[in-house]
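A.B. asks: On the provided structure of chain D, position chain E as indicated by the hints.
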Amino acid sequence: MTITVYVPNDSSAVSLGADRVAKAITAEAERRGLSIRLVRNGSFGMYWLEPLVEVVTGQGRVGYGPVQASDVTSLFDANFLQGGTHALSLGIVEDLPYLKKQQRLTFARIGKTSPTCLDDYLAYDGYRGLAHALAMSQADIVKAVTDSGLRGRGGAAFPTGIKWNTVLNTDADQKYIICNADEGDSGTFSDRMVMEGDPFVLIEGMTIAGIAVGATQGYIYLRVEYPHAHIALNTAIANAYQVGYLGEDIQGSGKTFHLEVRLGAGAYICGEETSLMESLEGKRGLVRFKPPLPAIRGLFGKPTVVNNVISLASVPIILDKGGDYYRDFGMGRSRGTLPLQLAGNIKHAGLVELAFGLTLRELLYDFGGGSASGRPIKAVQVGGPLGAYLPESQFDTPLDYEAFAAQWTVLGHGGVVVFDDTVDMAKMAKYSMEFCAIESCGKCTPCRIGSTRGYEVMDEIINGHNVEYNAKLLRDLCNTLLNGSLCALGGMTPYPVLSALNHFPKDFGIDEPAQVA
Amino acid sequence: MTAAVDTQALVNEITSALKDKPGALLPILHGIQDAIGYVPPECVPDIAKALSLSRAEVHGVISFYHYFRTTAPGQHTIHLCRAESCQAMGGEALGTHAKQKLGIDFHETTADGKFSLEPVYCLGNCACSPAMQIGHDIYGRVSADSFDSALAELEQAELEPSA
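In the order they appear, the protein sequences are chains D and E.
According to the working numbering, the first sequence is numbered sequentially starting from 60.
According to the working numbering, the second sequence is numbered sequentially starting from 301.
Isolated chain D, as found in the complex (with noise of 0.2 Å):
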């Protein structure tokens, strides 16, 4: 009987070596003449133990990891293919707790499947969202997304269905789509595992909101740092379009939808949407004034939907299983789940799934397992480079929009990035007016020059040059940004920059207690 193996094509499994063992495995099972099918499926986000090798077994899906190209004679030795036992064992995946602990809805096939084969999404649940908003009118698509509270995930938690009823109600001869699959924050990839590992929900996620406001053309606006995701996306839109998933008259419905990535370029400013607006017409990323809002005057002048791939990937679920059911995870007015990304110092470096509300402490600690270097978690910054750093004292702060805000930091779009002990924070708060300079689209003045004289402030601090002085002007320099930049850029540096101070002011060579921003 011929046997079932995966090996992840994620890139981050890529990136340690999922290919060479995908090929080791082929070659070796040719040598002893045995018979396997190799799948390339997407990833589970259990990093640490990429690449994670599978096995269909009688007991369920056996896994190895994390495996190297030089292990695969050993485990075929181990009689792998029967799920024998080998010293880099994990039992069956799907009961590890690191998977069996979250709340898996957006991620809910990732890893289960081979990303771009159809029949795979249609098998685990795909479409369904699609076939229910088909039989549902324009106002009852939107009122499921807005009765779900969904919010937008790419950061600035919008909420969703209002978006889409401004669209909906707003005339025009041609409405547009926007995915923005611009993720460029720093400890970030749900997007990327989301287009790598699953490309069709984001497809289904953006069919269904062209249907709801009447857009017939989506643009995928896709960074191009993410090569892989590419041609997922790609390969899945064609086929999408082959069987009449995309196109016209999508499933004999009358419905039309046209489908199209375009690359972005490097900047991350695009990341903003009117800036990526600018940019899928060709041209420079500057960030447009609002109003008017893209939901009324977007892409070309067009009311457009702008939603990050998040946002737009946990629809298909709203649709098949109903507003309810989504809103009935989370707290407060965070409703749902969230995929947080635990990047950075961190021993168990992945993808969590969870509705809102678990506290970051239990994150880093019950999920992350403490740091890499296993010396003690200095610092963590949430929410991208524009987001706080959080010093142990706010690990209690649970992860919801409001929470997070009530303490001055920003939960994002749910990266979080550990430092331990050896970090300099004001090194950090130095690169943080770094980034916003060579990142300013330099539309506004305080973003465009406050951030080069804040570059410049922090080298006289970290130099030891009349600290207090200067720790002063970089105070107000701050408050520049924060309330005189147009765009989120120059408006949020202050985040990382002002927390660090306020939190690890002996890192600015300054011994007094910490002010509050």
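For the record, the hints were derived by calculation from the structure and aren't laboratory data.
Because the structure is a prediction, the values reported are computed rather than measured.
Quick reminder that beta carbons are idealized off the backbone N, C-alpha and C, glycines included.
Okay, derived cross-link-like pairs now, DSBU-like style, lysine-lysine, Cα gap no bigger than 35 Å in a straight line:
#1 D:486 <-> E:401
#2 E:321 <-> D:349
#3 D:361 <-> E:349
#4 D:342 <-> E:319
#5 D:486 <-> E:414
To give an idea of the interface, some chain D residues facing chain E are shown, with a C-beta separation under 7 Å as derived from the structure:
#6 71
#7 106
#8 325
C.D. replies: Frame of chain D; chain E shown alone:
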């Protein structure tokens, strides 16, 4: 001479194939850079004409985006991540090592034309920091040693097919 003509023909071919797309400029610039490794400044007037833009507008777009380059890159471009997650795992030391090993700074190409070194701000490989990308190949948990062996492998691969 022939190379220059070829480049122009290629640029015109790419431009005319894509110019009718809405917002065609970025797809055109990607097409050109994919084909020849960079966007030669001398092709700006042709692109501008095809899209009814001014040369300044095309130049402005090319210079706005970090990814587009106007000079030929080395045979291999190494994109080394400098963002926070990689910094937390020794990314800065890796950067110093890379610069030392190659004898160049960021945005430079080695004298033998083999390697260009570019900074990048996140490859989405943050669970396996520090990370780098060479061509489409991504590398995780890169150490000074694995950086050296990745380069050695590339140099070895070049020797083999021509032998």
